[in-house]
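2 protein chains.
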Amino acid sequence: MDFSSKLLENAVYEMSQLPGIGKRTALRLVLHLLKQPGEQTERLSNALLHLRNDIKFCENCHNISDVALCEICANPKRDRSLVCVVEDIRDVMAIENTSQYRGLYHVLGGKISPMEGVGPQDLTIASLVEKTKKGEVKELIFALSSTMEGDTTNFYIYKQLKGLDVSTSTIARGIAVGDELEYADEVTLGRSILNRIPFEGSLKAN
Amino acid sequence: MDFSSKLLENAVYEMSQLPGIGKRTALRLVLHLLKQPGEQTERLSNALLHLRNDIKFCENCHNISDVALCEICANPKRDRSLVCVVEDIRDVMAIENTSQYRGLYHVLGGKISPMEGVGPQDLTIASLVEKTKKGEVKELIFALSSTMEGDTTNFYIYKQLKGLDVSTSTIARGIAVGDELEYADEVTLGRSILNRIPFEGSLKAN
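One line per chain: the protein sequences are D and W, in this order.
Under the UniProt record's numbering, think of the first position of the first sequence as 1, with each following residue one higher.
Under the UniProt record's numbering, think of the first position of the second sequence as 1, with each following residue one higher.
Bear in mind the hints are in silico, worked out from the structure with no lab data behind them.
Quick reminder that beta carbons are idealized off the backbone N, C-alpha and C, glycines included.
Take the hints with a grain of salt, since some may be wrong.
[Stated by the list, open to error] Derived Cβ-Cβ restraints for the label pairs, each shown as a range: (1) W:LYS23 x D:SER81: 28 to 36 Å; (2) W:ARG191 x D:LEU181: 46 to 54 Å; (3) W:MET148 x D:GLU59: 56 to 64 Å.
Throw the hints in and build the complete structure from the sequences for me.
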């Protein structure tokens, strides 16, 4: 694209560095900001800068938090013997929305992915192992996405925990509630048959 | 969404004010910035602020420009008697890309749209009429999108020009080059038949 203004070109370029935002979308967004009052651009820029510069992570679970110990970790009603291992804050928000979980979390900050240059040392795995060694944690629930990267990460952590007195589990995979069997993919349907649960147990979940 | 951090919540909120960016996308973009080096967020914020605060518009055609008279208006090889009326800079860029146009532009900054609260006084229509009154412009080409708002705007400008010695035209609407007739919508196909051009004339265009 051939811009008539270096300022515009630069803003569009920086905007298009965001994932899923192409040059055309970036131009549309930037032109939108130009039509709005200047305060909107100022608020956006300041919000991004503040977040990036002043961001803190909970010292226990590594979730994004404005205080040293996040609300969940600081809550005395939470079950400290149960830790759910997730990739990032979005997973924490999703699980919290279900109101079904009363344990704590451990936010890894990603998955092991040689393709993207993410190794175990880039994640908070060492901190998770340390925490488990202290003995308070009785069960780790792996809740990473079931991709090759997710499975690799689960297995890596599992091996690190060898010899420690902690049980591990992964969240159940199966047909979503309300979904038709005929439209489910074979892997999911196959797993949901292999991992079937006693009918009486399934009644309790409702 | 229930965020664990006010800083994060604020950044996501401001990001989701952009058109087409929902809360979920905004969260994804903001989390991406958190994973990148801080300089990327700084560059983005600064580029947006610079653009918004230092933006200038060409005093002749009102296109976005870093100098008082934009490159196109300042080019002595351009035909100053021909002015193409467009909505915004994206249209200028699209027409310039064709390398088929050697006249000048006039950027309205939008279309008349009572629904969105955009009246004639919000656009650069008065400046276009003034420019035309000076007599240098011989032809105005309306190149707004053929929506109700575009047609209204064309007609409003047309009325303002009453009594002035200037001819007006609109860009041709028809079947796109390479498109199959059977897939064209009826309005476009109908118009392309009504506005057919002599076959010999069509040879010159290639």
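Discussion item. Hint by hint, where does the structure go against what was stated? Just the numbers, ascending.
Written reply: none
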